[in-house]
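Protein chains: 2
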Amino acid sequence: MPTTKILLDESEIPTHWYNVISDLPNPPAPYLTPDGKPLTPDMMTSIFAPALVEQEMSTQRWIPIPEEVREIYRLWRPSPLYRAHRFEAALGTPAKIYYKYEGVSPAGSHKPNSAVAQAYYNKIAGIKRLATETGAGQWGSALALAGQMFGLSVRVYMVKVSYQQKPFRRSMMETWGAEVIPSPSQLTQAGRQALAKDPDCPGSLGMAISEAVEEAASRPDTNYTLGSVLNHVLLHQTIIGQETRKQLEQVGDYPDVIFAPCGGGSNVGGMMFPFLADKAAGKAIRLVPVEPTSCPTLTRGHYAYDFGDSAGLTPLMLMFTLGHDFLPPSIHAGGLRYHGDSALVSQLCHDGILEPIAVPQLATFQAGILFAKTEGILPAPESNHAICAAMEEALQCKQTGEPKTILFTLSGHGHFDLASYDKYLAGELSDLDYPAETLQQSLQNLPNITRS
Amino acid sequence: MPTTKILLDESEIPTHWYNVISDLPNPPAPYLTPDGKPLTPDMMTSIFAPALVEQEMSTQRWIPIPEEVREIYRLWRPSPLYRAHRFEAALGTPAKIYYKYEGVSPAGSHKPNSAVAQAYYNKIAGIKRLATETGAGQWGSALALAGQMFGLSVRVYMVKVSYQQKPFRRSMMETWGAEVIPSPSQLTQAGRQALAKDPDCPGSLGMAISEAVEEAASRPDTNYTLGSVLNHVLLHQTIIGQETRKQLEQVGDYPDVIFAPCGGGSNVGGMMFPFLADKAAGKAIRLVPVEPTSCPTLTRGHYAYDFGDSAGLTPLMLMFTLGHDFLPPSIHAGGLRYHGDSALVSQLCHDGILEPIAVPQLATFQAGILFAKTEGILPAPESNHAICAAMEEALQCKQTGEPKTILFTLSGHGHFDLASYDKYLAGELSDLDYPAETLQQSLQNLPNITRS
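Line by line, the protein sequences give chains A and B.
If you want the working numbering, it's the position in the first sequence, counting the first as 1, plus 182.
If you want the working numbering, it's the position in the second sequence, counting the first as 1, plus 182.
In short, the hints are calculated from the structure, not lab data.
Please note: incorrect hints may appear among the correct ones.
Claimed, not checked - One-sided excerpt, in silico: chain B residues whose CB lies under 8 Å from chain A:
id: 1; residue: 185
id: 2; residue: 186
id: 3; residue: 189
id: 4; residue: 327
id: 5; residue: 621
Note that the structure is a prediction, hence the values are computed from the model and not measured.
All C-beta atoms, glycine included, are put in the ideal place defined by N, C-alpha and C.
All chains, please: the whole structure from these sequences, using the hints.
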């Protein structure tokens, strides 16, 4: 019987993170302050641990993973690489489909890969508390877990509507000892202002970011952490792609195409960056970030300097963006509802090295349910985007007869997302798409800054 | 760094189930009909697949696992054995603590080990539909998954109060294609009678069993399945203990004591039966089923013939029981709320080979939360019972200085049980214990049958 799970021993957890900046064909554009000047490391260390700021700006190819971080990784890593025999059979495809399953972490997604590293570096910098935001709850859970592992207090500003609709993500964070605050709250100036305007304000990721940043900036014992977008977050995630390469080598295979869901870019960077050198060396490999048509940052956004949050408090980054005041509709893949994207992922898309696509919501659930019925694992709605793209590729192979090797990241399980499955099964979900004019509107408000 | 996860390759999934009946010091007592006559295989095949009835009564020591079943097991098995380094450190114990983690199955518990086997044997018997009941939802989820894997329709009668309180377990079953009916329902005579008496009846496991059995008995295309208690269910679970033995050998260790949560006995049988021969051969190993003080079947029940369900529709089994009309209070470890226990587990307790204990609810949550904070995994409330017992043993070792080897079954994750954690953290849970008179009451209604 052919292998189903390709496992690595925990001694094979990568010893270094891979820094793609060292291999980019073009140097990355600097982050800018709102008045257009390059951001200095000093400005970042007021809310980030020094080691993380160093990683954010590093050009060193391989950055060693501290033993203390690898020790925590051992609780669930290396994660398994699966050959999707039963999914392939259901599709009747000649393609081979592999998926790297990151849902085995205690928090249920790939997010702890960076949360553990961030908690560690803050701990050794003498920081006692971490503040962060969470939308769907995956990053908040990951940081709650990681903070607990290193004895740090964690406060999570959770978008109020999620706080109310997803009580179990909140309970999970509280069980790991974190404090969860519905945002907007009375604890920050940003929150109080929002509540003064509208006491029933449901909150947004942008608002929660503002509250967490404000708290970190105003308390010397507290730092801020972010679960995606930034270079150091994508750096930490590269253990995913490194492990996957080893696992595929073990069965003598190599992907023709890789799919990963894309919101802020941590999945894409984590899986794809370790394959970029091969592509640069002429290997025929397609690297495809998959985003929702309802938030089509990479496929329909502008490549321009923009803020990372909706209120305009963060530095400016050169990235694909739909405009920082673009409000994505409430599709159920909460992790993919972001107006912008990682600067590194954006640049690689701009340079034609990554080839993003967008898929509509209903197709992602259809694919996810077929996957659950054949492979057993119930995927997160975010992961369904990658499954959907992999399925379409496999069905094309069926038509052409090509036995391609398809790889995708199954970034998490859907145990806390069953309300979305319910709605899909009840026929209450729909696809969302935008006429060009709608997107044009939010794109008009981009900051008037061009790359120097 | 010492190993954290002890893994086996999927080629090492056991090839046989271990049938403890072949090694019992005393032969098991026969199942009886309500009038006291031994149950014949014919009576069982009206609702069970013939191969399962054969296994129920078999005295063969090793029963081969069909390749089709092992193929599905490969989706998550062998499950990992963990060394609980961080939990040990938090307790400051000289003991070594290992746990076998069964929450890696797609349904999140050990239940699919038997569900897959039961679905397979029904499939090859030409059965098209399966009917079953579920309380907390773990067995229903497992059967929904297993039915889907073999193309069988599954109908799950879910205790109405659980159906309403645990909508996500229901969604999970529906995503895998099962039909979930709140019980009591209008679909069966038993259900209609209950609703006629009380239209707002919240249901009970006993009622749901009656509905599923009635449906299976009245439809030739439909069979009934059960997730615990019966010999063949415990048989299928013995892969847990077999894998664990191998994993411990790999690190050169052997347990001084094993703990497993005990409701109907499938965890206990699964983990402990494969260690019984060693004990019989004189090995000093303690085998300890752990039950809640609020449903103290093994520690305070009678060893007597009793019905398996509350309505008295099932055969009579010689077992420890609190009386078939004992209504356990709504503690949150739903899987441990059963008035009786597996006949095999009961007999081994009666013979002094298994040494059951009972633990109170608050202590189980306290232990489970310390475990989650150190090992990361958020355990099911049922599993917390084993964690609690392991923790007490480890703390005793701290006092005596003994470096014992402690092993327990972490039977599932708690992703669908966070409402219970919420209540615990809010101080809304309490311990439950019974004055002797209360237990005496339900024990008065035992059927007047003694072993022939």
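Right, here's what the structure says about each hint:
1. 185: Holds: closest Cβ of chain A sits about 7 Å from residue 185 of chain B, inside 8 Å.
2. 186: This interface hint holds because 4 Å falls under the 8 Å limit.
3. 189: 6 Å, holds
4. 327: 6 Å, holds
5. 621: With a closest approach of 33 Å, the residue 621 of chain B hint is violated.
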